[in-house]
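From first to last, the protein sequence lines stand for chains D and E.
According to my numbering, the residues represented by the first sequence are 1 to 306, in order.
According to my numbering, the residues represented by the second sequence are 1 to 256, in order.
Derived by calculation from the structure, the hints in this document are not laboratory data.
Note that the Cβ used here is the ideal one computed from N, Cα and C, for glycine as well.
There could be a bad hint or two in this list.
Across the chosen pairs, the derived CB separations fall in these ranges [to be verified]:
1. Pro210/D <-> Lys127/E: 36 to 42 Å
2. Ala184/D <-> Met6/E: 55 to 61 Å
3. Gly253/E <-> Lys114/D: 39 to 45 Å
4. Lys115/E <-> Val142/D: 21 to 27 Å
5. Pro145/D <-> Glu60/E: 48 to 54 Å
6. Lys115/D <-> Thr252/E: 28 to 34 Å
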Amino acid sequence: MKNNEIRDLIQHNIKNKSHFSDKAMPLFFLTMALISVLTTFGIVYTLVVDAFKFFANVPLSEVFSTRLQPLSANPSFGILPLLNGTILTTIIAMIVAVPVGMAAAIYLSQFASKKLRKMLKPILEILAGIPTIVYGFFAYSVVTPILMTLIPSLEPKNVLSPGLVMGIMIIPMVASLSEDAMNAVPSIMKDGATGLGSTKLETTFKVVIPAAISGIMSSIVLAISRAIGETMIVTIASGSSKRFTFDITQSMQTMTSYIVEFTSGDAGSGTVGYYSLYAVGLILFIFTLTMNLIAQYITKKYGERY
Amino acid sequence: MKDNNMDIVYDVKGLNLWYGDNQALKDINMKIEKNKITAIIGPSGCGKSTFVKTLNRMIENVDGVRTSGEILYYGDDIFTNKLKVEELRTRVGMVFQKPNPFPKSIYENVVYGPKIHGIKDKKLLMKITEESLRGAALWDEVKDRLNENAYSLSGGQQQRLCIARSMAVNPEVILMDEPTSALDPVATMKIEELMEDLKKDYTVVIVTHNMQQAARISDKTAFFLNGELIEFDVTSKIFGTPKDQRTEDYITGRFG
Numbered sequence: 001m002k003n004n005e006i007r008d009l010i011q012h013n014i015k016n017k018s019h020f021s022d023k024a025m026p027l028f029f030l031t032m033a034l035i036s037v038l039t040t041f042g043i044v045y046t047l048v049v050d051a052f053k054f055f056a057n058v059p060l061s062e063v064f065s066t067r068l069q070p071l072s073a074n075p076s077f078g079i080l081p082l083l084n085g086t087i088l089t090t091i092i093a094m095i096v097a098v099p100v101g102m103a104a105a106i107y108l109s110q111f112a113s114k115k116l117r118k119m120l121k122p123i124l125e126i127l128a129g130i131p132t133i134v135y136g137f138f139a140y141s142v143v144t145p146i147l148m149t150l151i152p153s154l155e156p157k158n159v160l161s162p163g164l165v166m167g168i169m170i171i172p173m174v175a176s177l178s179e180d181a182m183n184a185v186p187s188i189m190k191d192g193a194t195g196l197g198s199t200k201l202e203t204t205f206k207v208v209i210p211a212a213i214s215g216i217m218s219s220i221v222l223a224i225s226r227a228i229g230e231t232m233i234v235t236i237a238s239g240s241s242k243r244f245t246f247d248i249t250q251s252m253q254t255m256t257s258y259i260v261e262f263t264s265g266d267a268g269s270g271t272v273g274y275y276s277l278y279a280v281g282l283i284l285f286i287f288t289l290t291m292n293l294i295a296q297y298i299t300k301k302y303g304e305r306y
Numbered sequence: 001m002k003d004n005n006m007d008i009v010y011d012v013k014g015l016n017l018w019y020g021d022n023q024a025l026k027d028i029n030m031k032i033e034k035n036k037i038t039a040i041i042g043p044s045g046c047g048k049s050t051f052v053k054t055l056n057r058m059i060e061n062v063d064g065v066r067t068s069g070e071i072l073y074y075g076d077d078i079f080t081n082k083l084k085v086e087e088l089r090t091r092v093g094m095v096f097q098k099p100n101p102f103p104k105s106i107y108e109n110v111v112y113g114p115k116i117h118g119i120k121d122k123k124l125l126m127k128i129t130e131e132s133l134r135g136a137a138l139w140d141e142v143k144d145r146l147n148e149n150a151y152s153l154s155g156g157q158q159q160r161l162c163i164a165r166s167m168a169v170n171p172e173v174i175l176m177d178e179p180t181s182a183l184d185p186v187a188t189m190k191i192e193e194l195m196e197d198l199k200k201d202y203t204v205v206i207v208t209h210n211m212q213q214a215a216r217i218s219d220k221t222a223f224f225l226n227g228e229l230i231e232f233d234v235t236s237k238i239f240g241t242p243k244d245q246r247t248e249d250y251i252t253g254r255f256g
């Protein structure tokens with residue numbers, strides 16, 4: 001009756017099993033999840049409270065002016081120069097990242113052989129793993145000198161060079177996410193197109209890209225959000241001129257590098273300049289949050305309907 | 001020598017096909033006649049799907065496929081450059097196992113082929129849409145919602161839309177790879193009714209795992225087993241008095 005012995009043993013063990021960890025571990029996991037959620041709320045709370053102190057002291061007409069001179073005897077806190085710097089670097093980065101990233105994604109997902117894709121994709125993703133300070137250094141010490149030979153009027157610190165390098169940094173993000181979206185288009189749908197005599201290129205542009213558009217769009221929006229929040233490259237290579245200009249050969253400051261400059265010791269706690277950091281941080285946060293919400297909305301609204 | 005017999009659409013001569021080292025088709029010889037429905041039956045893995053996908057070279061989308069032998073389409077070998085693969089595929093349409101409409105409107109699905117091949121005239125495109133949808137017995141059900149997404153249709157309607165889509169480029173042949181295997185009996189019946197009309201204008205080659213379906217709709221039936229063409233004859237003969245013991249065993253349900 002060996003079988004019965006085993007059954008009895010198993011039944012005995014089951015009855016005496018302690019269920020402590022089955023109950024305790026989910027609680028532990030919940031606590032861990034709450035830590036990140038609570039931290040987010042904490043950050044938002046601090047931002048809002050201190051940003052409010054800034055807006056209580058500075059009239060809105062000054063906030064939306066082009067004069068940013070936080071340390072002068074007669075200080076002015078116009079945000080437009082910072083917005084301008086951020087938007088210009090972001091636009092330049094997107095001009096680089098979207099076409100290159102998309103083209104790479106199309107090649108990898110539609111034309112490359114399996115073997116080549118397996119080789120190329122990890123190499124592309126190495127780009128994403130390089131620390132941003134290396135990119136910043138690269139922009140300042142390699143890209144800017146090269147650009148100066150082409151554009152003699154280029155200032156040593158300028159918006160063009162970090163914009164371009166930021167674009168290069170973001171390429172893998174656009175390429176990788178768009179490639180995933182295009183790969184997810186069922187091959188039977190592509191067969192439908194090639195079965196009607198479409199070439200591979202026609203199939204790619206008329207069927208695969210429209211079918212993958214939600215993933216592609218959200219990859220682009222996430223890339224914009226990344227560019228807006230990028231700090232190190234612009235801090236190093238675009239300098240800290242608080243100018244309001246559209247000339248990308250000049251030095252400008254972005255919202256992120258403004259925060260870097262001021263947290264490096266210039267602003268005394270409790271001053272308006274100190275609170276301006278929180279105001280800028282809050283605006284930055286609203287920007288990236290909006291972008292992420294747009295990305296989510298696109299994915300939901302135009303999500304795969306097949 | 002060009003085959004001048006216009007009643008023979010496909011003349012398959014000594015066709016072999018390998019997936020890597022695996023031989024999936026062995027020395028297939030077969031003539032497919034015009035305006036007939038040719039059914040291809042056989043157990044899973046017998047090569048019937050492979051064979052029909054070879055007829056419009058869709059099989060080449062699979063990695064590591066090699067072929068030998070020739071397939072003459074109205075006398076031209078489809079594996080030579082005499083017939084471009086895109087041209088072949090506009091003359092030979094295909095309907096797949098699962099309905100695969102594009103994630104576009106019903107109208108955009110039908111006009112996809114004509115548009116790709118350079119037809120821009122809106123009136124003509126509308127005419128093509130109506131004719132194709134009528135041809136696929138779908139017009140009455142969708143004429144008021146041509147701009148709705150194709151995925152709002154039921155599975156059976158989607159499959160008829162795919163038939164309409166393939167008809168929109170006015171092919172000579174329509175290949176069907178188990179077109180009803182993902183459909184319910186009612187939708188299957190509708191497609192079978194449609195087949196009878198299709199053969200007036202088209203030559204149809206249909207792969208089916210459903211023997212009753214082959215018996216009901218086809219004029220000629222080919223029985224494939226392990227990559228070989230065992231028997232090919234008039235449907236009533238295949239199901240009535242098969243010559244080969246293996247055909248008889250299969251159609252009487254002794255295996256497969």
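Structure-based check of all given hints:
A hinted range of 36 to 42 Å is violated for the C-beta pair Pro210/D and Lys127/E, which are about 25 Å apart. Distance hint check for Ala184/D and Met6/E: the Cβ-Cβ separation is about 45 Å, which falls outside the suggested range of 55 to 61 Å. For Gly253/E paired with Lys114/D, a C-beta distance near 41 Å keeps the hint of 39 to 45 Å intact. Against the hinted window of 21 to 27 Å, the Cβ-Cβ separation of Lys115/E and Val142/D comes to about 47 Å, which falls outside the hint.
Restraint check, Pro145/D to Glu60/E: a C-beta distance of roughly 50 Å satisfies the suggested window 48 to 54 Å. With their beta carbons about 47 Å apart, Lys115/D and Thr252/E fall outside the hinted range of 28 to 34 Å.
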